[in-house]
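There are 2 protein chains.
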Amino acid sequence: MFGCLVARKLVQTAAQQVAEDKLVFYLPDYENIKHVVIFMLGTIPFPEGVGGSIYFSYPNSNGMPVWLLLGFVTNGKPSAIFKISGLKSGEGSQHPFRAMNIVRTSPVAQTGISVELLDSLA
Amino acid sequence: MFGCLVARKLVQTAAQQVAEDKLVFYLPDYENIKHVVIFMLGTIPFPEGVGGSIYFSYPNSNGMPVWLLLGFVTNGKPSAIFKISGLKSGEGSQHPFRAMNIVRTSPVAQTGISVELLDSLA
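Here the protein sequences come in this chain order: A and B.
Per this note's numbering, numbering through the first sequence is continuous, rising by one, with the last residue being 132.
Per this note's numbering, numbering through the second sequence is continuous, rising by one, with the last residue being 132.
One chain only, chain A, in its complex shape (with noise of 0.2 Å):
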């Protein structure tokens, strides 16, 4: 349903579900990574009234991820160009994936999908 890239890598279309209603894609070497782009694939919409929050994560000092809420894609605006670079220093905010299984062997960034209600969209 949704395609992530990174410049200069392969986009990524196989997203991982960790909920119901919530799907990561892995970015390796994200020390790198300027932009991310999250894009719908334009095959399955999001059901009525309802969109997708994104948020990114990198590992901070200690390796535990740290979740920025970048924006959000809808039906209507099925496509978003993210500024990554400069947000590392941020202090994280409110997200939903705390409560997610999350586990990696090595520190890397995500980006995250939360199905929201549209309402509850930034």
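Heads up, some of the hints might be wrong.
Which copy is meant is left open, because identical chains are indistinguishable; a pair holds if it fits in one copy or across any two.
[What the hints assert, rightly or not] Dumping the calculated DSSO-like pairs for lysine-lysine here, alpha-carbon to alpha-carbon at most 27 Å: (1) K44 x K87; (2) K19 x K93; (3) K44 x K19; (4) K93 x K44; (5) K87 x K19.
Honestly, the hints are just simulated from the structure, not real lab data.
Dock chain B against chain A, hints included.
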């Protein structure tokens, strides 16, 4: 073989072939385009020794297309994000789309992909 994406719009994957080695994507509403993303779908690689030069074209005040070289994609660098805003006051550059018979009823912007030898890529 390629995808083309403008932020907020649906991804395009059906390029129009205008010559054996040249493809274009049409980009409506070009005045509001800030970035163009070009990426290989990952299904078909370039043949050995070649890649794709990426051009952007917009209509000048006479409706004639002005072409600008943006950069390139290759098997080793299968995607690129190009900043378009700010380019549109440029003079245009040498490009291989001059002889193409690209007829449109209304002036739109285009992204052109020209398959070329790696040695000749920008």
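Each hint tested on the structure:
Taking the shortest Cα distances, K44 and K87 sit within 27 Å of each other both inside one copy (21 Å) and across copies (15 Å). For the homomeric pair K19 and K93, the shortest alpha-carbon distances inside one copy (16 Å) and between copies (17 Å) are both at most 27 Å. For the identical chains of this complex, K44 and K19 are neighbours both inside a copy (12 Å) and across copies (21 Å), given an alpha-carbon limit of 27 Å. Within a single copy, K93 and K44 get their C-alpha atoms as close as 6 Å, and across copies as close as 13 Å, so both meet the 27 Å cut-off.
With identical chains, the CA atoms of K87 and K19 are at most 27 Å apart both within one copy (23 Å) and between copies (6 Å).
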